[in-house]
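Colleague: Counting with the numbering used here, you get residues 6 to 605 for the letters of the sequence shown.
Because the hints were derived from the structure by calculation, they are not lab data.
The beta carbon of each residue, even a glycine, is placed where N, CA and C say it ideally should be.
Some hints could be false.
As the list claims (entries may be wrong) - Have a look at the derived ranges for each label pair, beta carbon to beta carbon:
1. Phe-548 x Trp-470: 25 to 31 Å
2. Ser-131 x Trp-511: 26 to 32 Å
3. Ala-200 x Ile-272: 34 to 40 Å
4. Ile-272 x Ala-400: 28 to 34 Å
5. Ser-131 x Ala-333: 41 to 47 Å
6. Thr-494 x Trp-597: 49 to 55 Å
7. Thr-179 x Thr-392: 37 to 43 Å
8. Gly-438 x Ala-196: 53 to 59 Å
Said to hold, decoys possible - Each computed SDA-like pair below joins lysine to any residue, with the alpha-carbon atoms no more than 25 Å apart:
9. Lys-409 x Thr-442
10. Lys-98 x Ala-408
11. Lys-98 x Asp-82
12. Lys-514 x Tyr-574
13. Lys-240 x Ala-186
14. Lys-570 x Arg-554
15. Lys-240 x Asp-270
16. Lys-570 x Thr-524
17. Lys-322 x Thr-266
18. Lys-570 x Ala-600
19. Lys-570 x Gly-438
20. Lys-322 x Asn-402
21. Lys-98 x Asn-138
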Amino acid sequence: MRTGRFRSMTVGAATLVVALAGQLVLVDTADAGPDANAPGTPALATEITNKFTSYGNSTSVDRWTGGDGLEAIELPDGRVLWFFNDYWYGTVKSDLTRGPFQASMPRNGIVIQNANGTMGQTVSGSGGATLMNTGSGWLWGGDQRLQGGTVQKFYMRMVADGGWGSAVGVELRTIPTGSVASPGTYGDLTAQLPADVRSCSAQGVAGHCTLWGMALADHGSYTYVYGADVSSSGKDLKIARVPQGDFAGLWEYWNGSGWSTDQADAIDTGTVASEAMSVTYQGGRWVLVGQDTYGGLGGNVISYYADTPWGFTAADKSTLFKMPETTADWSVWAYTPRLIPHLSTGGNQVIIGYSVNSQLEDSSCGAHNYIDATVYRPRFKAVTLPTTPGGSYQAPNGAQPAAKWLTAAELPGWCAPGTAAVPAPTGVTATPGQGNTALTFGWSQTAPSSDWSYGFQFRASGDAWGTEWPLFAPASNTWTGGLLTPARTYEFRIRASTWEGRNSAWTTKTVTMPINAPTGLSVARTAANKCTLNITDPQGGVFWRVQQRQVGATAWTSLGAVGTKTPWYAVTSGVRYDYRVQAYSDYGSSAWTTATRCGL
Numbered sequence: 006m007r008t009g010r011f012r013s014m015t016v017g018a019a020t021l022v023v024a025l026a027g028q029l030v031l032v033d034t035a036d037a038g039p040d041a042n043a044p045g046t047p048a049l050a051t052e053i054t055n056k057f058t059s060y061g062n063s064t065s066v067d068r069w070t071g072g073d074g075l076e077a078i079e080l081p082d083g084r085v086l087w088f089f090n091d092y093w094y095g096t097v098k099s100d101l102t103r104g105p106f107q108a109s110m111p112r113n114g115i116v117i118q119n120a121n122g123t124m125g126q127t128v129s130g131s132g133g134a135t136l137m138n139t140g141s142g143w144l145w146g147g148d149q150r151l152q153g154g155t156v157q158k159f160y161m162r163m164v165a166d167g168g169w170g171s172a173v174g175v176e177l178r179t180i181p182t183g184s185v186a187s188p189g190t191y192g193d194l195t196a197q198l199p200a201d202v203r204s205c206s207a208q209g210v211a212g213h214c215t216l217w218g219m220a221l222a223d224h225g226s227y228t229y230v231y232g233a234d235v236s237s238s239g240k241d242l243k244i245a246r247v248p249q250g251d252f253a254g255l256w257e258y259w260n261g262s263g264w265s266t267d268q269a270d271a272i273d274t275g276t277v278a279s280e281a282m283s284v285t286y287q288g289g290r291w292v293l294v295g296q297d298t299y300g301g302l303g304g305n306v307i308s309y310y311a312d313t314p315w316g317f318t319a320a321d322k323s324t325l326f327k328m329p330e331t332t333a334d335w336s337v338w339a340y341t342p343r344l345i346p347h348l349s350t351g352g353n354q355v356i357i358g359y360s361v362n363s364q365l366e367d368s369s370c371g372a373h374n375y376i377d378a379t380v381y382r383p384r385f386k387a388v389t390l391p392t393t394p395g396g397s398y399q400a401p402n403g404a405q406p407a408a409k410w411l412t413a414a415e416l417p418g419w420c421a422p423g424t425a426a427v428p429a430p431t432g433v434t435a436t437p438g439q440g441n442t443a444l445t446f447g448w449s450q451t452a453p454s455s456d457w458s459y460g461f462q463f464r465a466s467g468d469a470w471g472t473e474w475p476l477f478a479p480a481s482n483t484w485t486g487g488l489l490t491p492a493r494t495y496e497f498r499i500r501a502s503t504w505e506g507r508n509s510a511w512t513t514k515t516v517t518m519p520i521n522a523p524t525g526l527s528v529a530r531t532a533a534n535k536c537t538l539n540i541t542d543p544q545g546g547v548f549w550r551v552q553q554r555q556v557g558a559t560a561w562t563s564l565g566a567v568g569t570k571t572p573w574y575a576v577t578s579g580v581r582y583d584y585r586v587q588a589y590s591d592y593g594s595s596a597w598t599t600a601t602r603c604g605l
């Protein structure tokens, strides 16, 4: 992490202040221009908070609408890359809520802030998918730095453990600054790391996992690498160094008096180290900013000062501030504080960004951090770093959210696994529609209908079930699909879903799509020896069979299949003919049309 110059962020000609859901939000009304908000000031902290608020309130363009694990790096051309761990990708409603499945939650997105200060593209995987994949498990961000034209970024490698997930190591990814918007150009240098850096199991210390790369700092000819030693007893800081930017080179570890090439010699410095921390040179000293692990999710932001990048000790701890959103019961909590160098001065005036989250739900099992789009977003605070260590832990006392948001103990039974059964949809109908290739599927909404979601699948009879699609209420209790085939039999099924992932039994409906005779047939003698048909048929997905007979005959002669509605046939001059037509697909045929004559 480096100390960069401050870039203008405020609009130049005008800024419109509007009221949204009781909040004042700055909305850009002109191109960015000279900035009146100085680095490290409260005005700048408010401005960047509002930037993300305005950006995330998109009602029409799919992009980032909220997330956590905020980190930032300024590029030489003035762009800023804002990294997020988990985030919502999609849109929000005009009232700043999200409907069920209005947004997805991929991981590792990047929001690009343009050099003129405006917020630009959200970079995700294809179609809003996770950006950084790692086989099984997932990645959460560590720190990043620039090496020439490449961003080097560490990530924690996480695996599911039945709870929040457990870290099992780190990965090192690269992002070319010239192609940030093209994830296919990203690189993976994890294999170049020492085995005991990238894998906790290779460290050989039972019950401990040191996650390297949670903070980075360049000084002299070295890059200093800060690791969080995570164990059941807490989280402590360890320090390593490599030749500047060369993570495939020699790793040395601070042993309390010097540097060792053996990670087993690395000491815990006695300073608290959360996985989210930052180290930078501010005000003539080295500063480490992180979250106090005392009090669990208590929400205190702390700092340590040192004369060298490796000199942090427990005696140098300061409590900077309490993140105000954290409630006493931790139902809402703030976390992952990091110092944002490019928004800070080189002295003691700094900007710290952090995340806010919630574990509350509503009576329909709807997640607070999803439905209320204003919750799961970064906040920024201006802080004056104290000249000497000090301050004590401050207990959380954030305001409780509105009464509609409930704790786990207050929720209905179906919101928790293994308790009350989820009620299934009833009154299911499947009605063929236009052209016999479309169908409207309907159901009666499960109570409570508000913010309830449904899983929906269909298949052609005999095939495997297709992908489960999310349908949501109360916006709709119908689904209309197309590209079906007349005369083919399909199965449709639906189940109710709670937000935490429990499902009702499936309710299934089987329907055979109708196939009708063409609605009209006209025949004209377009030459003495030629009859031309004109078939009227609004159905899709069908072809036609044509039969012919001479007037007065009883037997019909097949003329085969046609794919055009205006076929013509050579005939004998002076002889009259009757024609009839039938629609067909690979799965069945319609009745024949009434005979239509081709006169002389």
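Colleague: All the hints need checking, so say for each whether the structure fits it.
Modeller: How the hints compare with the structure:
1. Phe-548 x Trp-470: 25 to 31 Å: 29 Å, holds
2. Ser-131 x Trp-511: 26 to 32 Å: 30 Å, holds
3. Ala-200 x Ile-272: 34 to 40 Å: Violated, since Ala-200 and Ile-272 (Cβ atoms, about 21 Å apart) do not stay within the stated range.
4. Ile-272 x Ala-400: 28 to 34 Å: Given range 28 to 34 Å: holds, Cβ gap about 31 Å.
5. Ser-131 x Ala-333: 41 to 47 Å: 43 Å, holds
6. Thr-494 x Trp-597: 49 to 55 Å: 23 Å, violated
7. Thr-179 x Thr-392: 37 to 43 Å: Check passed, 39 Å falls within 37 to 43 Å.
8. Gly-438 x Ala-196: 53 to 59 Å: Because 54 Å falls inside the window, the suggested range holds.
9. Lys-409 x Thr-442: Violated, at about 43 Å.
10. Lys-98 x Ala-408: 21 Å, holds
11. Lys-98 x Asp-82: 34 Å, violated
12. Lys-514 x Tyr-574: With Cα atoms ~44 Å apart, Lys-514 and Tyr-574 exceed 25 Å; violated.
13. Lys-240 x Ala-186: 35 Å, violated
14. Lys-570 x Arg-554: 19 Å, holds
15. Lys-240 x Asp-270: 17 Å, holds
16. Lys-570 x Thr-524: Cα-Cα ~12 Å, so holds.
17. Lys-322 x Thr-266: Violated: Lys-322 and Thr-266 sit about 28 Å apart, past 25 Å.
18. Lys-570 x Ala-600: 16 Å, holds
19. Lys-570 x Gly-438: Within the cut-off at roughly 22 Å; holds.
20. Lys-322 x Asn-402: Given pair Lys-322, Asn-402 holds - Cα atoms ~23 Å apart, limit 25 Å.
21. Lys-98 x Asn-138: Answer violated: Lys-98 to Asn-138 is near 30 Å, above 25 Å.
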